[in-house]
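*Asks:* Single-letter residue listing:
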Amino acid sequence: MHTLYNPKQHVQTPYLFFTGKGGVGKTSVACATAVALADQGKKVLLVSTDPASNLQDVFEIELSREPVEIPSVKNLYASNIDPEEAASVYRENTVRPYRDKLPESVVNQMEEQLSGACTVEIAAFDEFSHLLADDGIFKEYDHVLFDTAPTGHTLRLLTLPTAWSGYLEEATHGASCLGPLSGLGDKKDMYQKAVESLSDGKKTTLILVARPEESTLIEANRASFELGEIGIGHQMLIINGLLQTHDENDEVSAAFYEGQQEAVKKTPEELRAIQTFSLPFVSYSLTGIDRLRQIVSDTPLVEFKEDDDNTELAPLSELKDVIDDFSDNNTRVIFTMGKGGVGKTSIAAAIAVGLTEKGHKVHLTTTDPAAHLDYMFKDSAIHKNLSISSIDPEVEVDNYKKEVITNAGELNDDEIAYLQEDLESPCTEEIAVFRAFADVVERSEQEIVVIDTAPTGHTLLLLDSSEAYHKEMSRSTGDTPESVKKLLPRLRNPEETGVVVVTLPEATPVFEATRLRNDLIRAEITPKWWVINRSLYATGTTDNVLKIRAASEKQWIKKVQEELADNCALIPWMKEVKLAMNK
Amino acid sequence: MKKVEIFDPAMCCSTGVCGPSVDQNLTRVASTVYSLEQKGMDIKRFNLANDPAAFADNETVNRVLQDKGADALPVTLLDGEVTKVGVYPTNEEFAEWLDVSVEALTQKPRVRVSVKLD
Numbered sequence: 009m010h011t012l013y014n015p016k017q018h019v020q021t022p023y024l025f026f027t028g029k030g031g032v033g034k035t036s037v038a039c040a041t042a043v044a045l046a047d048q049g050k051k052v053l054l055v056s057t058d059p060a061s062n063l064q065d066v067f068e069i070e071l072s073r074e075p076v077e078i079p080s081v082k083n084l085y086a087s088n089i090d091p092e093e094a095a096s097v098y099r100e101n102t103v104r105p106y107r108d109k110l111p112e113s114v115v116n117q118m119e120e121q122l123s124g125a126c127t128v129e130i131a132a133f134d135e136f137s138h139l140l141a142d143d144g145i146f147k148e149y150d151h152v153l154f155d156t157a158p159t160g161h162t163l164r165l166l167t168l169p170t171a172w173s174g175y176l177e178e179a180t181h182g183a184s185c186l187g188p189l190s191g192l193g194d195k196k197d198m199y200q201k202a203v204e205s206l207s208d209g210k211k212t213t214l215i216l217v218a219r220p221e222e223s224t225l226i227e228a229n230r231a232s233f234e235l236g237e238i239g240i241g242h243q244m245l246i247i248n249g250l251l252q253t254h255d256e257n258d259e260v261s262a263a264f265y266e267g268q269q270e271a272v273k274k275t276p277e278e279l280r281a282i283q284t285f286s287l288p289f290v291s292y293s294l295t296g297i298d299r300l301r302q303i304v305s306d307t308p309l310v311e312f313k314e315d316d317d318n319t320e321l322a323p324l325s326e327l328k329d330v331i332d333d334f335s336d337n338n339t340r341v342i343f344t345m346g347k348g349g350v351g352k353t354s355i356a357a358a359i360a361v362g363l364t365e366k367g368h369k370v371h372l373t374t375t376d377p378a379a380h381l382d383y384m385f386k387d388s389a390i391h392k393n394l395s396i397s398s399i400d401p402e403v404e405v406d407n408y409k410k411e412v413i414t415n416a417g418e419l420n421d422d423e424i425a426y427l428q429e430d431l432e433s434p435c436t437e438e439i440a441v442f443r444a445f446a447d448v449v450e451r452s453e454q455e456i457v458v459i460d461t462a463p464t465g466h467t468l469l470l471l472d473s474s475e476a477y478h479k480e481m482s483r484s485t486g487d488t489p490e491s492v493k494k495l496l497p498r499l500r501n502p503e504e505t506g507v508v509v510v511t512l513p514e515a516t517p518v519f520e521a522t523r524l525r526n527d528l529i530r531a532e533i534t535p536k537w538w539v540i541n542r543s544l545y546a547t548g549t550t551d552n553v554l555k556i557r558a559a560s561e562k563q564w565i566k567k568v569q570e571e572l573a574d575n576c577a578l579i580p581w582m583k584e585v586k587l588a589m590n591k
Numbered sequence: 032m033k034k035v036e037i038f039d040p041a042m043c044c045s046t047g048v049c050g051p052s053v054d055q056n057l058t059r060v061a062s063t064v065y066s067l068e069q070k071g072m073d074i075k076r077f078n079l080a081n082d083p084a085a086f087a088d089n090e091t092v093n094r095v096l097q098d099k100g101a102d103a104l105p106v107t108l109l110d111g112e113v114t115k116v117g118v119y120p121t122n123e124e125f126a127e128w129l130d131v132s133v134e135a136l137t138q139k140p141r142v143r144v145s146v147k148l149d
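If you're matching them up, the sequences are chains Y and S in order. Take 9 as the starting number for the first sequence in our numbering and just add one per residue. Take 32 as the starting number for the second sequence in our numbering and just add one per residue.
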C-alpha cells in the first residue's frame, strides 16, 4: 500500500503543476495541497487554468484573473484563468479589425482556422508563462500551484528553434497553432525563462494525478514520459480515490475494490519508479475548506454528514433502448464519441453486438489497439454477421506522411525538410485518421458501420471549407478521395448517421462531453444519444461509502437529461469489460 | 525583375498537408516558391490565417475578395496586377514571369557533402 499523501511532508518546490486525465480530481488535490501549505504558514497562490475548473465551488467564492485572498484560509490566494476565454479574446482581436474590411466568407475562414484545440493550448501556456517568468511572483509567494500542466506538444513546439525563427516571423510558413504567439516574438525571453523554470527540479514538481483505474494510470505514464523527455524531471504520482475497505456482502463494493487493486497492480513499469502516494476514497465531496483539510489530514476517513439528496430523476433509458432505436430507424453509421477513458469502445462494441443480434450485418471499427477488442470477445464466438477492423492512428499518420513525401515529386533536401516540418503539425493526425475512417464509412451501403471515435466539429468545418476550395482546384488536381467528399453530407444526415456521446456521471467528464457536443453542433451535427457510463447510482449498491458517491451522481445525470441530451441512457458500473456480451 | 505575390486561403500550413487529401499542387507551389526565394527572386506568399492585414490593405486583392468571396483564393498578383484567381500559377508561368528555366525549378541540386576539418 502506498503512503498517504501529506503535502506538509511531500511538497518540496515552489512551483507545482498537477496533471492527469479529466475527472481524476486534479483540482481537488491541488486545492487540498494549497490549503495544507497555507495552514503551515506559507504564502500560497493557486492558479486554475482548467476550463472545467470548479475552484469557485470548492472555495465558495467568486474568482477572477487577479489573485484574490481566500477569506477563510490565511495566506491563501487563488486566481482563475479560462484559456478558452483567452483564446477567444485572441481570436476576436485578430479578426475584429477585418470584419468590415474583408467579406464575410473570408472572415469566417479566418475564424475557423483560429478555433482549433491548439489555439486554446497556446493561450493557456501564455498565461503560465507570465507567472513563471515573473520574478515578482516568485518572491511574493512561497508556493505557486497550477491545477493543469502544459502538454508535451506545446512545450515541444516552443523548444523548436523554428518556433521562433520561422513559425512566428515568416508569413509564408506560419502555423496557425502558434497563432496566439505570432507577432509576439518579443515574448521569446519570457517563454524561454518559463521553460527553464519548468525543467529546474529545485523549482518545479510535476504531480501526476491518477485514479486506481488502468486508463488514468496509462495516461499518467504517458504524461510522465513526454514531459520528462522535455526536461521536467521532478515528478510525483498521487493515486486518488483508493478504496480502503469494502463491504464483502455487497457485490458491487467487492468488485469495485478488486478492480482498483488489479489496476494498481498493473501500474506501468516506468511509473513505478516515481515516488507514489495515495489519497483514500471518501464518501464526502471535496467542497469547502474543512473537507479539503480533512482529506490530507491523519484521519481522512472520518465521515461528514451529507445533506439528504432528494433529487428525483426522470425515467432513464438503457443501452437496449439505444440499440432498438438505431435498429428501428435503420441508422447506417454510428459514432460513439467522448474523451479517453469513458468507455466509448465498450459502448461501440455493445451497440455493434446488439445490432448483430437483431439480424443486421454490422462492421465495427475501433481506434483503440485491436488487442482490446479481441479481449472483449475472447470468451464468445463472434457472430457471423459482425466483422471488426481497427484503425491505428500511428500507422495512419505514418502512411499519410509517406504518401505526402512520395507524391510531392522531385524535392531537394531543403524542400523535404520544409515539408516534414509541416507534417509535424497536430492536424496531421486528425486528418490521417479521418481519411482512414472515411474509407470505412463507405461500407455502410452494405452494412451498418459502428465507429468508436468521431471527428471533431473543428476538423469537419475545416474540411468543409477546404472542400469548397478543392472544388476550385479539381480541374488541376482532382485528388480528394471520393469517400472524403461524400462523408460530410452523410454525417449531417440524421436519417443515416447517429452520434452517441459517452460520458461519466461526474463534473469534469460531463463538462468535457458538453464541449465535444457544442463543437459538433457548430458543424451542424446533433448527437442522437447520450450514454452515461459506469454509474454507481444505477447499480443500487448498499455499501456505506459507495452509496453516498452514487447519490452525488444524480446532479450530473439530471444535468445531461435536462440540459444536454435529446435521448439519454444510463449504464451501471460493471467490473468486467465484457460488457458487450453480457447484456 | 518582376514581383510575384500569392495570397493563400486560410490554412494551417502552406504545403496543404493538413487538407483532406495531399494536394500535390500545394506542395509543388510551396517548394517552387521556396526555391525561387533561395534564388533571390521577388516572390511573396501571404496566408489569410496569419496575415489578414495583407489581404485587407492590398486594394487589388481586397476588390477581388469583395466581388467573389473566399472562393477567389488563392489570388496571384504579378507586378501588382491580378493574373490568377482561384488557382495557383503553373511552374511554366513562374518560369516565364521570373525569367528562369522550368528545369531550374524542378531540378535537384547536387547533394552537399560536408567535410569536417578538425
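Hints are computed from structural coordinates only; laboratory data are not their basis. Among these hints, one or two may not hold up.
Derived contacts from chain S toward chain Y, CB cut-off under 8 Å, selection only [stated by the list, open to error]: (1) A80; (2) P83; (3) T91; (4) L96; (5) A101; (6) P120; (7) A126; (8) V131; (9) S132; (10) A135.
Capping the alpha-carbon separation at 30 Å, the derived lysine-lysine pairs in DSSO-like fashion look like this [stated by the list, open to error]: (11) Y:K201 - Y:K211; (12) S:K33 - Y:K410; (13) Y:K109 - S:K70; (14) Y:K566 - Y:K494.
DEER-style ranges, computed between Cβ atoms [said to hold, decoys possible]: (15) Y:M198 - S:V116: 54 to 62 Å; (16) Y:D143 - S:S132: 34 to 42 Å; (17) S:V116 - Y:V403: 37 to 45 Å; (18) Y:E100 - S:T121: 52 to 60 Å; (19) Y:N526 - S:V118: 45 to 53 Å; (20) S:V116 - Y:E437: 30 to 38 Å; (21) Y:G144 - S:K70: 33 to 41 Å; (22) Y:E278 - S:A84: 57 to 65 Å; (23) S:T121 - Y:N526: 27 to 35 Å; (24) Y:P401 - S:A84: 30 to 38 Å.
Even glycine gets a Cβ: it sits at the ideal position worked out from N, Cα and C.
*Asks:* Each hint should be assessed against the structure and marked as holding or not.
*Replies:* Now the hints, each set against the structure:
1. For A80 of chain S, the interface hint holds, since its Cβ comes within 8 Å of a Cβ in chain Y; the closest pair sits about 4 Å apart.
2. For P83 of chain S, the interface hint holds, the least distance from its beta-carbon to any beta-carbon of chain Y being 5 Å, beneath 8 Å.
3. Because the beta carbon of T91 of chain S sits about 14 Å from the nearest beta carbon in chain Y, more than 8 Å, this interface hint is broken.
4. Interface restraint check for L96 of chain S: the shortest CB-CB distance to chain Y comes to about 5 Å, inside 8 Å, so the restraint holds.
5. Because the beta carbon of A101 of chain S sits about 4 Å from the nearest beta carbon in chain Y, less than 8 Å, this interface hint is met.
6. Interface hint at P120 of chain S: violated, since its Cβ lies 11 Å from the closest Cβ of chain Y, which is beyond the 8 Å cut-off.
7. Hint on A126 of chain S is violated. Least Cβ distance to chain Y is approximately 15 Å, over the 8 Å limit.
8. Look at V131 of chain S: its Cβ only gets to about 15 Å from chain Y, farther than 8 Å, so that hint breaks.
9. Taking 8 Å as the C-beta contact cut-off toward chain Y, the hint placing S132 of chain S at the interface is violated, the least distance being around 15 Å.
10. Using the Cβ-Cβ criterion of 8 Å, the hint placing A135 of chain S at the interface with chain Y is not satisfied: the shortest such distance is roughly 12 Å.
11. A hinted pair counts as satisfied when its Cα atoms are at most 30 Å apart, and K201 of chain Y with K211 of chain Y qualifies at roughly 12 Å.
12. Pair hint K33 of chain S plus K410 of chain Y does not hold up; C-alpha atoms about 36 Å apart against a cutoff of 30 Å.
13. Restraint check: the Cα-Cα separation between K109 of chain Y and K70 of chain S comes to about 35 Å, which exceeds 30 Å; the hinted pair is violated.
14. The straight-line distance between the Cα atoms of K566 of chain Y and K494 of chain Y is roughly 37 Å, outside the 30 Å bound, and the hint therefore fails.
15. Range check, M198 of chain Y to V116 of chain S: Cβ separation about 42 Å, and the 54 to 62 Å hint is violated.
16. Look at D143 of chain Y against S132 of chain S: about 58 Å separates their beta carbons, and that is not inside 34 to 42 Å.
17. The hinted range of 37 to 45 Å is satisfied by V116 of chain S and V403 of chain Y, whose Cβ atoms lie roughly 40 Å apart.
18. Taking 52 to 60 Å as the suggested C-beta distance range, the pair E100 of chain Y and T121 of chain S does not conform, at roughly 39 Å.
19. At roughly 36 Å, the beta-carbon separation of N526 of chain Y and V118 of chain S lies outside the given 45 to 53 Å, and the hint is violated.
20. Separation of V116 of chain S from E437 of chain Y is about 33 Å and conforms to the stated range, judged on CB atoms against 30 to 38 Å.
21. The beta-carbon spacing between G144 of chain Y and K70 of chain S, approximately 50 Å, falls outside the hinted interval of 33 to 41 Å.
22. For E278 of chain Y and A84 of chain S, the Cβ-Cβ distance of about 48 Å falls outside the hinted range of 57 to 65 Å, so the restraint is violated.
23. Between T121 of chain S and N526 of chain Y the CB atoms are about 43 Å apart, so this pair departs from the stated range of 27 to 35 Å.
24. The hint said 30 to 38 Å for the Cβ distance between P401 of chain Y and A84 of chain S, and at roughly 37 Å that hint holds.
In summary, the structure is inconsistent with hints 3, 6, 7, 8, 9, 10, 12, 13, 14, 15, 16, 18, 19, 21, 22 and 23 from the numbered list given earlier, while agreeing with the others.
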